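Line order of the protein sequences matches chains V and G.
Per UniProt numbering, residue 1 is the first one in the first sequence, and the count goes up by one each step.
Per UniProt numbering, residue 1 is the first one in the second sequence, and the count goes up by one each step.
Fair warning: there could be bad hints in the mix.
To be verified - Stretch-level coverage of chain G by chain V, calculated; a stretch enters the list once three of its residues show a Cβ under 8 Å from a Cβ in chain V:
#1 13 to 20
#2 24 to 38
#3 54 to 63
#4 66 to 72
#5 137 to 145
#6 205 to 214
Said to hold, decoys possible - Okay, the calculated beta carbon distance ranges per label pair:
#7 G:G52 to V:P224: 36 to 44 Å
#8 G:T86 to V:L10: 57 to 65 Å
#9 V:A182 to G:A33: 36 to 44 Å
#10 G:R234 to V:T223: 52 to 60 Å
#11 V:A204 to G:R121: 52 to 60 Å
#12 G:L70 to V:E196: 29 to 37 Å
#13 G:G52 to V:G132: 16 to 24 Å
#14 G:G205 to V:S293: 37 to 45 Å
Unchecked claim - Far from chain G, by Cβ distances over 12 Å, these chain V residues were calculated:
#15 D88
#16 A169
#17 A170
It should be emphasised that the hints constitute simulated quantities derived from the structure, not laboratory data.
None of these values were measured; they are calculated from a predicted model.
All C-beta atoms in this analysis are idealised placements derived from N, C-alpha and C, irrespective of residue type, glycine included.
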Amino acid sequence: MSVRPILRILEAHGGATLQDAGRHGAMRYGITPAGPMDPLAHATANRALGNPLGATAIEVGLGGLALTVEEAPLDIALAGGAFRIDCDGRPLPPAAALTLRPGMALRIRAGRAGAWCYLAVAGRLDVAPVLGSTATHTRSGLGGLDGRALRPGDGLAADEARARLGEPAALVAPWLDRSPEAIRVVLGPQDDYFAEPEIAAFLARDWTVSPKGDRMACFLDGTPLTHAKGHDIVSDGIAMGAIQVPGQGLPIILMADRQPTGGYPKIATVIGADLGRLAQAQGGTRLRFRAVSVAEAVAARRAEAAALEPAIALEPVIRTTFSSEFLLGRNLIDGVVG
Amino acid sequence: MAAPDPETDLRPRFLDAGEAALVVEFGARVDPAINDRVLALDAALTAEPPRGLAETVPTYRSLMVHYDPLVLSRAALVAAVEGRLTEPGAARGAGRRWTMPCCYDPAFAEDIAEVAELAGRDVAAVAALHAEAEYRVYMYGFAPGFAYLGGLPEALALPRRPSPRPPHPPGAVMIGGGLAAIGTFPMPTGWYVLARTPERLFVEGRDPAFLIESGDTLRFEPVDADTFSGLERRAAGGEIVARRAS
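Next up, chain G with everything else stripped away, as it sits in the complex (with noise of 0.2 Å):
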């Protein structure tokens, strides 16, 4: 069966994972377009759940519903999501516009010359790249606060390392097959480390601990090695640097 496509195919397909949950597929593809219904499902969802529901997970092209089948029914749940669905291309509430501070000197930016020696450009112009762009947040996922991230400009796109570089640092701002990220918890990885931010996704314990959520879009700000650890010291004390901008 051919992946649905949201120009011509509206319905999604409804895929179980197992009896206890149940995978609302919009697409196959990373698409802004795709992930606005995805998000617009979670949200009607979140905001009137049916009993029963357990927690949702968007992710780029698809929204997993984990249920309780003995409260919940499957045929239940597939009427709750159809009750809930929008249009494609209708309003999603828009997400927030998060402006991170962000570091790429070299003492932070561990992989930026590897990146600009196969980008063919020189350092400064792949930060500068990187720090132009605009990039929605599509889905968390892999570990703890680890970001995924739209909007890379072509020239940066490029394929995963063939095999994972030692942990990257926390905070470490990433690219890899086409995408950017940031990763919270240092794991070893397959992304280039293009720079670091000091604010910090996840902190357990603070309100919220979750910083941005997936929808939400953000800009990176450059800052010096010297701001980068000012700002550090005041993310470390439980102060959020990254500013919200509306």
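The following block holds chain V by itself, in its conformation from the complex (with noise of 0.2 Å):
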């Protein structure tokens, strides 16, 4: 049997889980889902490497993360926001693909845009499932490694692995440049808790997204909405993208690690093609809603997963942007000008 390369975490400060495609089929047991806040991007990086789309990969947030790997060389692939990446201090374009060798040092830590980076490897990685997942929920422990976040020192084994990449490529996924439109809507299942004018208050106005947002939810500044019907409802199902809107009128959008059922009324649902888009926001942003029928939210989705039907293109990374200590070594700071 051939050597398993092993990922080994050097730095980890919080916030990087392994996630699949989610914990299905449990809801009804007070089950969250978790799963990948951009599943685009999880996509993408797991597309790239010629994986299955749901397989388990490594979500850094903002926080970041550092990791080598020992024993033998694997492929990886990276995608997300727009996220600082760089492999010995040789910067990486945020969605790309290499063969990490052992000894190699690949840093990732937040950049310009952007919240959530995922890395995914050529291969299988080694970890146990619950409930048919390997995601991680760290508020109820379940999932990943032992229902936590990766810490330094954490090693995870790839099976069937592969390492044919050699250097560094860019991945062609334009549509994982996010446009800054509007994020889109399909309202409902308690708009009828508020008044026609509210509603159209919550499309017209600005939010602001908070920077207290986690796995569990975005919230939003504003102005805060005021509720026809009162705040409470009984409990029923929410989806990933819900947008409750509490006693307080401040909406809260219920991502991958929400809980399954809910008690306030919910005046829209993020559509899932905009999904990520919304969880790349970081704190500060500013975003506006557009309400769509559900064909067009339907129509979305279908673009998007026609996008992943064939595979990625990778392109050569040419070094658009030099990192002073490149420039430096080429001696043309200087400006050696003729």
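Both chains are given apart, each in its own frame, so use the hints to dock them into the complex.
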């Protein structure tokens, strides 16, 4: 049997977890599905390596992550927000693939935009599924590594590993350049708890993403909404992207680590194709909502699925931004101009 | 629009929760007749799921149907649901009946004195009232293995705490907001801890991992602290210590 590569976590500051497509089928027992905050970026990283779209990958938050590989080389792919990524000091594009070799250190740090970055491996991370999924839900301690975030020293072995990519290449995945357009929503299921002018205000107002968000929810700041029929409902189901409006009137968007049921009126639901775009909004980002039909939401979802159908092309990394170390190394800073 | 009333309005409402989840709402109240309709539809969809149905989540009054809209259209899902609706009052497959051992010893009933004071009764009367009632499992939610139970005697119908208490112990039997509940994993809670059961509603890897289903009925059987400890040891060893009556 060949030696298995082992990803070794060098630095982690909370917020990096293992996620597959989520723990589905047990929401009826109060089990949170978890899964990626940005499902499209997660799927893209996996697709770039020819993995099943829902394969287990590392989700990295704003706290960043550094890791290396031991025992054997391993192909990896990165996709998500505009994180600052470097391999042994060499900057990489935020969506890239390469062969990571023993001794190399890969660093992922928060960048100018985006809140989540995914690292997929060519092979299968050896993690025991819980209720059919490896997705980590830290609040209930289920999935991933002992139900917790990754820590320095953690080792993750990869089965059926491959290492054939070589030098870093950029993923040709234009769908990750997210548009700044309004976040699309389908109104309901409890839009009837709001008078018509309040729904209009919800759609017309600017909202600001609060920095206190996490995997469970995205909190919005702005002018509070008022309810027409009170803010308590008898609990019903919660879908990812549900925008609930509790008593104080500021919307809370329920994300991957949401509880499967809850008791506040939900004015609208973010469509599947815009969930990742919303999840990637850093604290302070201003956004608006636009109501669309179910048909339009399905069309957007279909377009997203179609984008991931063909293999993802890889482009050699062309240095368009140079680190100061690189420039000094080339003695270009002095301006040797004839 | 007024919420439908099962007495007068037989059709559920179909409410979109985005393009990949549909809420089939039978009513707006906590009511066994409404919950029966939810569970009957849930059973029918589970027995013969249309292709593209991902999972269903029954609640007090509605069924959330998660689906893949690229496989199953909303219209086809609505048609599948309508084809499986039963009339209100139609016999639903009777849920199972359980007897759950439960210890009201003050060491386990952390908040029973507080409840007694709020309810204007003594501690023994509160325990007796709670243990005499029969409870219906309406739904799970909030946390893994957190079961919401209806059937709490009116005398114990207190509002929830104005602010949460520290995490309850595992297997906490609680009351709040006119309902009862069993909390499997310790969590901060706005409910009052009235007792503890040694049974575990969720054990990863056990078959079944989840002991009781929505629609089941249960009673609490008072046991003393020694009996509790013995049962808890057996439960920790993987044994199911609740008894199934039928």
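Using the Cβ atoms, figure out if G52 (chain G) sits within 36 to 44 Å of P224 (chain V).
38 Å, holds
Kindly confirm whether 37 to 45 Å is satisfied by the beta carbon distance between G205 (chain G) and S293 (chain V).
44 Å, holds
Between G52 (chain G) and G132 (chain V), does the C-beta distance stay in 16 to 24 Å?
The hint (16 to 24 Å, Cβ to Cβ) holds, given that G52 (chain G) and G132 (chain V) are roughly 19 Å apart.
Can you tell me if the segment 13 to 20 of chain G counts as covered by chain V, using C-beta to C-beta distances under 8 Å and a minimum of three residues?
holds (count 6)
Starting from the range 36 to 44 Å, see whether the pair A182 (chain V) and A33 (chain G) falls in it by beta-carbon distance.
42 Å, holds
Note whether the CB distance of A204 (chain V) and R121 (chain G) lies within 52 to 60 Å or breaks it.
Roughly 53 Å apart at Cβ, these two residues keep to the hinted range, so it holds.
Taking 8 Å as the C-beta cutoff, is the stated coverage of the segment 137 to 145 of chain G by chain V satisfied by three or more residues?
holds (count 7)
Please check whether the beta-carbon of D88 (chain V) is more than 12 Å away from every beta-carbon in chain G.
40 Å, holds
For A170 (chain V), is the shortest beta carbon distance to chain G beyond 12 Å?
At roughly 29 Å from the nearest Cβ of chain G, A170 (chain V) sits farther out than 12 Å, so the non-interface label holds.
For the segment 66 to 72 of chain G, do three or more residues have a beta carbon lying closer than 8 Å to a beta carbon of chain V?
holds (count 3)
Against chain G, does A169 (chain V) keep a CB gap of more than 12 Å to every residue?
30 Å, holds
Outcome, coverage of the segment 54 to 63 of chain G by chain V - at least 3 residues whose beta-carbon is closer than 8 Å to one in that chain:
holds (count 10)
The earlier numbered hints are all upheld by this structure, with none contradicted.
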